[in-house]
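Order-wise, the sequence lines are chains A and B. Here the first sequence is numbered in this note's numbering, starting from 1 and rising by one per residue. Here the second sequence is numbered in this note's numbering, starting from 1 and rising by one per residue.
Hint data in this document are derived by calculation from the structure and do not stem from the laboratory. Remember, predicted model here, so these are calculated numbers, not experimental data. Each hint should be verified, as a subset may be incorrect.
Any copy, or any two copies together, can satisfy a pair, since identical chains are not distinguished.
Said to hold, decoys possible - Calculated pairs, BS3-like style, for lysine-lysine (alpha carbon to alpha carbon, straight line, at most 30 Å):
hint: 1; residue 1: K138; residue 2: K62
hint: 2; residue 1: K8; residue 2: K236
hint: 3; residue 1: K138; residue 2: K8
hint: 4; residue 1: K236; residue 2: K62
hint: 5; residue 1: K138; residue 2: K236
hint: 6; residue 1: K8; residue 2: K62
hint: 7; residue 1: K8; residue 2: K303
hint: 8; residue 1: K62; residue 2: K303
2 protein chains.
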Amino acid sequence: MSRPQPQKRPTVHDIAAAAGMSRGTVSRVLNGGYVSTEARAAIEAAMSDLGYVPNNAARALKMRRSQAVAFVAHEPHSLFLDDPNIGSIMLGANAALSLADHQMVSLVVESARDTERVARYLSGGFVDGAIVVSARTKDPIIRVISDLALPAAFIGHPPDLDQNIPFVGIDNVGSARAITEHLLSTGRRRIGMIAAALDRDSGIDRLAGFRAALGSVFDEDLVADVPHYDYGSGVKGMRDLLEREPAIDGVFAASDAIAAGALETLREAGRSVPGDVGVVGFDDSTWAVRCQPQLTTVHQPAKELGSCAAQVVLRQLRGEHLDPVGQLLSTPLILRDSA
Amino acid sequence: MSRPQPQKRPTVHDIAAAAGMSRGTVSRVLNGGYVSTEARAAIEAAMSDLGYVPNNAARALKMRRSQAVAFVAHEPHSLFLDDPNIGSIMLGANAALSLADHQMVSLVVESARDTERVARYLSGGFVDGAIVVSARTKDPIIRVISDLALPAAFIGHPPDLDQNIPFVGIDNVGSARAITEHLLSTGRRRIGMIAAALDRDSGIDRLAGFRAALGSVFDEDLVADVPHYDYGSGVKGMRDLLEREPAIDGVFAASDAIAAGALETLREAGRSVPGDVGVVGFDDSTWAVRCQPQLTTVHQPAKELGSCAAQVVLRQLRGEHLDPVGQLLSTPLILRDSA
DNA sequence: TACGGATGTGTGAACGTGCACACAGTAGGA
DNA sequence: TCCTACTGTGTGCACGTTCACACATCCGTA
């Protein structure tokens with residue numbers, strides 16, 4: 001089968017001609033307005049006959065509206081795969097946008113090259129707004145969105161985020177503090193933390209909450225710093241911690257995946273959990289119930305974060321005023337067996 | 001900050017006026033052509049001055065080219081979260097498209113409503129082609145793409161896929177057969193399978209390969225049928241199998257996640273692996289090395305699948321002829337500890 | 001009889017871009 | 001001198017849509 005032209009598709013003109021009407025009437029059938037029942041029937045028949053589909057590019061050009069919202073997944077390789085939240089957040093956002101008849105298009109940013117292309121894409125009129133997840137400090141995408149005045153919502157917010165850009169997130173400081181306090185309440189004395197992603201608000205805030213809970217007992221030496229929220233980082237971080245303080249009896253892992261890695265290391269080292277060491281995670285992801293023992297952790301409402309962010313963007317699109325620029329969702333503690 | 005209009009953005013006209021040139025010359029600066037060095041300098045200065053970004057919608061309308069390719073992730077909720085392949089496939093595709101200066105936009109299909117909207121989006125001129133992953137039998141998306149003659153590539157192919165639509169995949173039948181034969185070679189006699197996703201080519205083919213390897217020894221009763229490739233399905237499937245045949249000594253799980261679930265159930269049931277029961281998986285995902293014992297499995301070249309599919313679409317876009325419509329990537333057996 | 005409103009339909013102009021074409025000037029070769 | 005080729009620039013049109021406007025008809029009422 002040869003494919004010389006990309007197949008001439010019918011336009012409003014063709015439909016109008018086939019139905020014996022004018023373009024205006026076809027447009028009215030599509031967008032609402034006064035149309036007689038016969039005219040509507042004829043046009044609808046012609047449309048399904050010729051297989052008409054409106055051309056979004058033309059519509060977007062004329063209307064300055066594409067009915068699409070970008071979901072910018074600004075994640076390095078390993079994170080994207082090992083972070084279960086990102087998937088849930090996407091699905092939550094997709095569902096909310098879908099309900100409002102908007103298309104979610106997700107853009108993956110891996111390299112500097114990607115950043116530039118995504119920036120071009122965002123400003124090219126293909127999307128009406130953007131949801132940005134886990135942007136980093138000094139992320140160029142932030143500037144682009146700010147310059148463009150593109151309706152946007154950030155999920156989590158880097159410390160240098162422009163005050164006017166709305167965000168939704170969770171109270172990382174408070175949640176980290178609460179779960180650390182739980183660890184204290186079970187009688188643990190030498191509590192360490194495997195802190196990750198300290199170039200992001202979430203990582204920084206979880207560490208801050210941990211520090212706050214421990215107060216004067218806080219010991220810099222008991223913080224292992226790992227780059228990512230993944231399993232491998234957990235294994236490594238726990239080895240570090242055991243080496244520095246063999247008498248450690250409590251661990252706050254910055255994510256469930258990290259906690260899972262930590263459990264594995266503790267098992268190899270012959271420590272029992274929660275007998276010798278209490279371990280808590282963060283996320284309440286599938287990791288939490290898959291571990292042995294199951295993890296005590298902080299529930300992160302990933303799906304709600306996604307749909308909330310979508311709502312924020314949609315509200316801006318409708319021209320509504322946003323009262324509080326930021327919004328924090330609550331994060332219940334989930335008590336299971338690991339601490 | 002009030003936001004009455006979506007902020008008037010500069011157009012070629014504005015740039016032309018600012019630089020004292022005509023629109024045509026601006027266009028030539030952007031797209032190549034004869035332009036004097038002074039003119040180019042003046043125009044480039046004006047562009048960076050006014051912060052000009054070409055309007056993709058207008059360009060797409062005129063050129064019938066958007067420089068974007070859709071990645072249709074046709075996955076139900078649980079699958080999307082638990083299938084590690086989809087992420088790797090996406091990253092592979094993204095990298096390849098990025099290199100060719102194309103934007104990947106990924107569309108999530110969850111519901112029938114989504115299907116319809118995605119179909120509209122695909123035919124709306126926002127994308128030049130599509131990569132479709134794990135479409136199901138009778139998927140309406142297939143018809144849409146076929147009707148539109150949209151350059152596309154399927155990853156895996158449903159049995160009812162139009163002969164002309166290119167696909168890339170792996171030899172599920174051969175790989176399943178090979179790993180089952182490995183199980184046989186270790187002396188297992190009562191081998192069961194936890195089969196999943198039997199509404200998809202991958203699920204069907206893996207079962208077929210299993211059956212082929214066993215030949216006359218194949219026993220219908222030793223196949224547990226579960227809906228998804230996830231951990232929970234593995235737990236359930238293994239319970240089924242143990243109940244039906246307590247003397248079972250080998251299990252082929254249709255995915256690593258399923259194998260992980262099966263391991264958990266076996267552990268609970270007091271069976272040792274690989275002592276009492278040999279277990280093999282499929283995918284060589286992060287699950288495989290995270291299990292105890294680590295899984296013997298089939299390596300699935302997820303990233304290559306993604307980049308291959310992208311290449312196929314790009315080649316169609318360039319008007320090249322595709323010799324073999326289908327393409328199968330090789331899948332080495334990875335021998336670890338579980339069988 | 002005339003008028004205002006509701007209902008229904010057609011037409012022209014724009015959205016921002018790229019391309020074909022026209023035009024102008026210079027240079028080289030027959 | 002004329003023709004052609006090359007470089008550089010401006011202008012009109014089209015892509016497919018929507019929207020504002022003009023027009024046409026019919027009804028009820030002043």
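Here's how the hints hold up against the structure:
no.: 1; hint: K138 <-> K62; in the structure: neither (34 Å within a copy, 36 Å between copies)
no.: 2; hint: K8 <-> K236; in the structure: neither (58 Å within a copy, 51 Å between copies)
no.: 3; hint: K138 <-> K8; in the structure: between (45 Å within a copy, 26 Å between copies)
no.: 4; hint: K236 <-> K62; in the structure: neither (55 Å within a copy, 54 Å between copies)
no.: 5; hint: K138 <-> K236; in the structure: within (28 Å within a copy, 47 Å between copies)
no.: 6; hint: K8 <-> K62; in the structure: both (21 Å within a copy, 14 Å between copies)
no.: 7; hint: K8 <-> K303; in the structure: neither (41 Å within a copy, 34 Å between copies)
no.: 8; hint: K62 <-> K303; in the structure: neither (34 Å within a copy, 39 Å between copies)
Figure legend: structure checked against the earlier numbered hints; hints not met, in rising order: 1, 2, 4, 7 and 8.
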